[in-house]
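Following the hints, put chains R and B in place on chain P, whose structure we already have.
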Amino acid sequence: MLGLGAFTISGVIEARRKEMDVVGATAVAFITAVGGGTVRDVLLDRYPIFWIQDQRYAIYIFAVAVVSFYSLRSARLAKSAILIPDALGLGLFAVTGATYALESHASFFIALLMGVITGVFGGVLRDVICNEIPTVFARTQLYATCALFGALVFMVMDRAGVAAEVAVPSGVIATLALRLAAVRFNLTLPLPR
Amino acid sequence: MLGLGAFTISGVIEARRKEMDVVGATAVAFITAVGGGTVRDVLLDRYPIFWIQDQRYAIYIFAVAVVSFYSLRSARLAKSAILIPDALGLGLFAVTGATYALESHASFFIALLMGVITGVFGGVLRDVICNEIPTVFARTQLYATCALFGALVFMVMDRAGVAAEVAVPSGVIATLALRLAAVRFNLTLPLPR
Amino acid sequence: MLGLGAFTISGVIEARRKEMDVVGATAVAFITAVGGGTVRDVLLDRYPIFWIQDQRYAIYIFAVAVVSFYSLRSARLAKSAILIPDALGLGLFAVTGATYALESHASFFIALLMGVITGVFGGVLRDVICNEIPTVFARTQLYATCALFGALVFMVMDRAGVAAEVAVPSGVIATLALRLAAVRFNLTLPLPR
Chain P
3 MLGLGAFTIS GVIEARRKEM DVVGATAVAF ITAVGGGTVR DVLLDRYPIF
53 WIQDQRYAIY IFAVAVVSFY SLRSARLAKS AILIPDALGL GLFAVTGATY
103 ALESHASFFI ALLMGVITGV FGGVLRDVIC NEIPTVFART QLYATCALFG
153 ALVFMVMDRA GVAAEVAVPS GVIATLALRL AAVRFNLTLP LPR
Chain R
3 MLGLGAFTIS GVIEARRKEM DVVGATAVAF ITAVGGGTVR DVLLDRYPIF
53 WIQDQRYAIY IFAVAVVSFY SLRSARLAKS AILIPDALGL GLFAVTGATY
103 ALESHASFFI ALLMGVITGV FGGVLRDVIC NEIPTVFART QLYATCALFG
153 ALVFMVMDRA GVAAEVAVPS GVIATLALRL AAVRFNLTLP LPR
Chain B
3 MLGLGAFTIS GVIEARRKEM DVVGATAVAF ITAVGGGTVR DVLLDRYPIF
53 WIQDQRYAIY IFAVAVVSFY SLRSARLAKS AILIPDALGL GLFAVTGATY
103 ALESHASFFI ALLMGVITGV FGGVLRDVIC NEIPTVFART QLYATCALFG
153 ALVFMVMDRA GVAAEVAVPS GVIATLALRL AAVRFNLTLP LPR
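Residue numbers (this note's numbering), protein chains in the order written: chain P, 3 to 195; chain R, 3 to 195; chain B, 3 to 195.
Since the hints were derived computationally from the structure, they do not count as laboratory data.
The reader is advised that the hints may include incorrect statements.
Copies of the same chain look alike in the list, so a pair counts if it fits in one copy or across any two.
[Said to hold, decoys possible] Quick list of in silico lysine to any residue cross-link-like pairs, SDA-like style, CA-CA up to 20 angstroms:
(1) Lys81 - Ala140
(2) Lys20 - Ala80
(3) Lys20 - Leu191
(4) Lys20 - Glu134
(5) Lys81 - Val24
Pulled out of the complex, with its shape left as it was, chain P reads as follows (with noise of 0.2 angstroms):
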């Protein structure tokens, strides 16, 4: 939940510096908050879709936006405010999406992909529908990848036999250090452009 609601700041956060009004920046917020979560569903093919299945989600969510909209007044504060339940949530988000793969019977390489799409794709349609080149593409700032290696983490303890009470917050707390470390050191591939 608190991956969700700082989804949903974030959405906020980027709707008004497009200056919508309250209604435009809780739909962006919404998009962003499930949107990660609904691709992941749809590809699968689980129904019901999980925010569809239990209406506290969406009720959650609009109310965390409407609040953020009335009481977020620099950008900037916010942004450092839900930097650790951000990463949070998209240790969260990377972890289920593995883990309903799995369910699904989708390989190793397509569960680490799941994982990441799931963390990251609510950003994405955020963007695209702000107007903006997905930040997490064009960021240099490790982001997915951190989705990718707290995936990572879950599914090789999970292959390894670890129980999934010790395998699942494992990969959530490594995809929420290398962020942080990121976000402290600013890290980015260490890779050729």
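Only chains R and B this time, still in chain P's reference frame:
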């Protein structure tokens, strides 16, 4: 069908503004017309999707798109001509979206949301493809709110036991009336920015 | 596979033009390559989606994307090098899209449309993500029309009882031939604007 035609024409208008040729305009018009219903069917796992099951939708949309591409002279005139069919289409899409969601055992709030998504998502896709920020999110004149209102009127009547033969047209008329009032009196949401 | 590779490279070219790094370029290339087939599978309710069922598609696309990202020096040279594989891919996607639609009991017109969607939608998604109006809608040189022509040739032969071993390559070659002719002679639709 009137509503689909209006959505088609709004796609052609936008495509012409972007200087597309007849093929591009027809493609954008098709996506505008069927986009909302397609997203609804995919999210609710309703297959076959309505326009795949019955090819008459697609043939009708293509015919309207080509005719309007060559006969449109004034976008301003066309916009005022499609105002009523567009509002009718919005209302009908909103009510059918809510109906189908209820049939899929979605909760009240999700059914409302699905009504709005069905009504407005074709226009969102049109604007994303034409490289614009979706007007439905940016515009202050009521639009998404009209779909929400119509879906709400329908659902309250439906829950109160009113027959579909009365509840469906009531929802459509509620959308139409609010939309026309919004355009006539330039209504905006009575909310601070 | 040649076609997938060509679509991948066209994604890398566009991503480089937008100054993305290797992660972004690979993501855009992947979406370009599998986008059309994924939209087709989701619309037709064909699960598991082709690249989720068989991970070799994704591995191949990622390998081509990384190699071409680092070896591309001239976008102009690359574009002419991928012209033939791209046209082959377009034809193959168009014919398989039509085939799968027929298997799902879609009507003639819808199967044609599904062929075109399968052929061109990867490029549409690429352009939307890269914040451009889809070239397939904007360009005047024939492209979508070639997919339509190839799907039509295949379907007419199929309906006439010609074996798939003949009808499929005929459709692909029809697409290829029309596309190469369009580039060679700068063909545009013989229609007024």
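Evaluated hints:
Proximity of Lys81 and Ala140 under a CA criterion of 20 angstroms is satisfied intra-copy only: 18 angstroms inside one chain copy versus 23 angstroms between copies. For the homomeric pair Lys20 and Ala80, the shortest alpha-carbon distance inside one copy (16 angstroms) is at most 20 angstroms, but the shortest distance between copies (28 angstroms) is not. For a Cα distance limit of 20 angstroms, the shortest separation of Lys20 from Leu191 across copies, 18 angstroms, qualifies, whereas the shortest one inside one copy, 30 angstroms, does not. Taking the closest pair of Cα atoms, Lys20 and Glu134 come within 20 angstroms of each other both inside a single copy (10 angstroms) and across two copies (11 angstroms).
With identical chains, the CA atoms of Lys81 and Val24 are at most 20 angstroms apart within one copy only, with a shortest distance of 19 angstroms there and 26 angstroms across copies.
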